[in-house]
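Sequential numbering from 1 applies to the sequence shown in the UniProt record's numbering.
In short, the hints are calculated from the structure, not lab data.
One thing to keep in mind: the hints can contain errors.
Said to hold, decoys possible - Here are the simulated distance ranges between beta carbons:
id	residue 1	residue 2	range
1	Arg507	Ser102	16 to 24 Å
2	Asp522	Val229	39 to 47 Å
3	His466	Gly185	19 to 27 Å
4	Asn517	Asn479	26 to 34 Å
5	Tyr302	Gln278	18 to 26 Å
6	Lys458	Glu116	42 to 50 Å
Where a beta carbon is used, it is the ideal one built from N, C-alpha and C, also for glycine.
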Amino acid sequence: MSELDKPFWAFDLKQDYRHLDDVLVLPWTKLKFNPLRPPEGVSPRRWAQVFAEIFGHATSLLSGSKNYFMKKIIELYRLYSLFNRVSEPFPSLHELELLVKSDKMNFVRKQSDYRETVLNRLEAMNLVAGTVFECSQGYSIEELLQRNVVFEFDGVSRDVQNFLMEILFAYVYEYRLAQNHRGQGLNHVFFLDEGKRVFSVYKERQDAAGIPAIDELTAKMREFGEGLVVADQEASKLTDSIKANTFTKVLLPTAGRKQFQAMAEAMNLSERQAEFAQQLETGEAVIQAGGQDPVSVQLRNYQIEKQVSDRELEKRMRSDWEDLQYEPRKTTKGFEDEVRPGNDSSGSEKEIPDDPSEVELSNEANRLLEDIVEHPFKRLTERYSLFSSRYKGNKAKDELVDQGIVVERQVKSQDGKRKLLQLTEKGRDYTGNSLDLDTKHQGRGGIVHRYWQHRIKKAFEEAGWHSFLEKFDADVYINMGNTELAVEVAMGDNPREIQHLSDHLERGFTVWIAARNKEVLDGLKQRIQEKDLDTDSVIFRLVRDFNEMESGAL
């Protein structure tokens, strides 16, 4: 993959991939994903059908229960007014469970059976998955598609594993289809070990459930630049579809005649070729690409030490996890009135709270933490003046980082590189509960995003203009008398930035986009061009430009 220079996703069921370099590892306990939020450009009605098919396949629903399930999804979308306009928030699986639970269905026995079957699956899914679905919008799939990501599903139930793998797979396909990423060559690759979990021949042959949607996707993915690598020790349990729609097949030494025969048939080996392939030793393989004749190869022995523990993984990935943004789960009054009229129970008793570990900090660490809350943008070296020596200050900082209370961030300010300390969710909980400090802040996003919001606001104020944070949903709003200006600070090439831009233009604002770097700026320009937005009132800048701006330069 490094030679191809293309990003990949790996679905990891045994913690095998965390030991690689240059990967973002997401254990399921850290994942935030709302499967009811359609991919960008996909209508809720279409996504309801796709989602129902995938959920039904992953949890073994038959056609009757699956159809009932889809009707409830559409009903839920209507309650959230998503058919008439794209509005916030989007419902989550928890709201879907509440809606199904509110459906008494006591007039037709068959319908009641469907309800009980679906409710059983939803309750188990939400209970076991913990906080995965506790969001209105999860991590940006569009951004994750630009990175090498390992999704670790070890330790969660088989149904949840299967559902997450399949729905992410379908989500990417629908996104590519909606964006018309057709005929662009290879964009991205999926790796699925234990492929029979997703591509199960038994589900494929289950007539009452119909042909699995996942089978149909495999035949279509290639055209949209998605590669798929599927591996399994039991080839006979893989679907006929996956064996028929893979361009390249690799046969390794195989134990058991049944498994060998399944691959020999898929590769259409002759009697003589099959006889040769049965003699393969460790490190040898037979490979067939397309309609070409199979060839024998010697494989490179790739050695890797698997020594990354959960604690080491958290230290390594903590900064990346903190950078991932999501919107907490919300609901609407219309939904509340429909589902729980006169009922004080909100279903919150079903939520599984995080198990907070005990935090014990030294007096020095607490003193540094108080300063971080009071002065969020102070450079780290300035904070050391709180202590009798730089050594003690650095030790307090390391204590906060090791305990997961803060993460380190860096920006290029006008007076050189500035290292900032950002509170984690764990840090905010500890600071509020143990130190009784208010951790609310002006601005949104991470510390770097908020730093640039404040820096830009200050730059315009120094130029004599009235500037505000988060007014009219802009990162920075500036009133210039005859002109109203909205500045958006873009840390990533994110579709949400384009939506904000469109909203500001509709209000008649001039818009400045201040991007983290040139790559982000170029990506956003491309998105704007694809959306055919009028850029006459749009100015593109880099955030570092505001370091150099004097009052007259604005």
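- Message: So, against the hints stated earlier in the document, which numbers end up violated here?
- Response: Numbers 1, 2, 3 and 6, in rising order.
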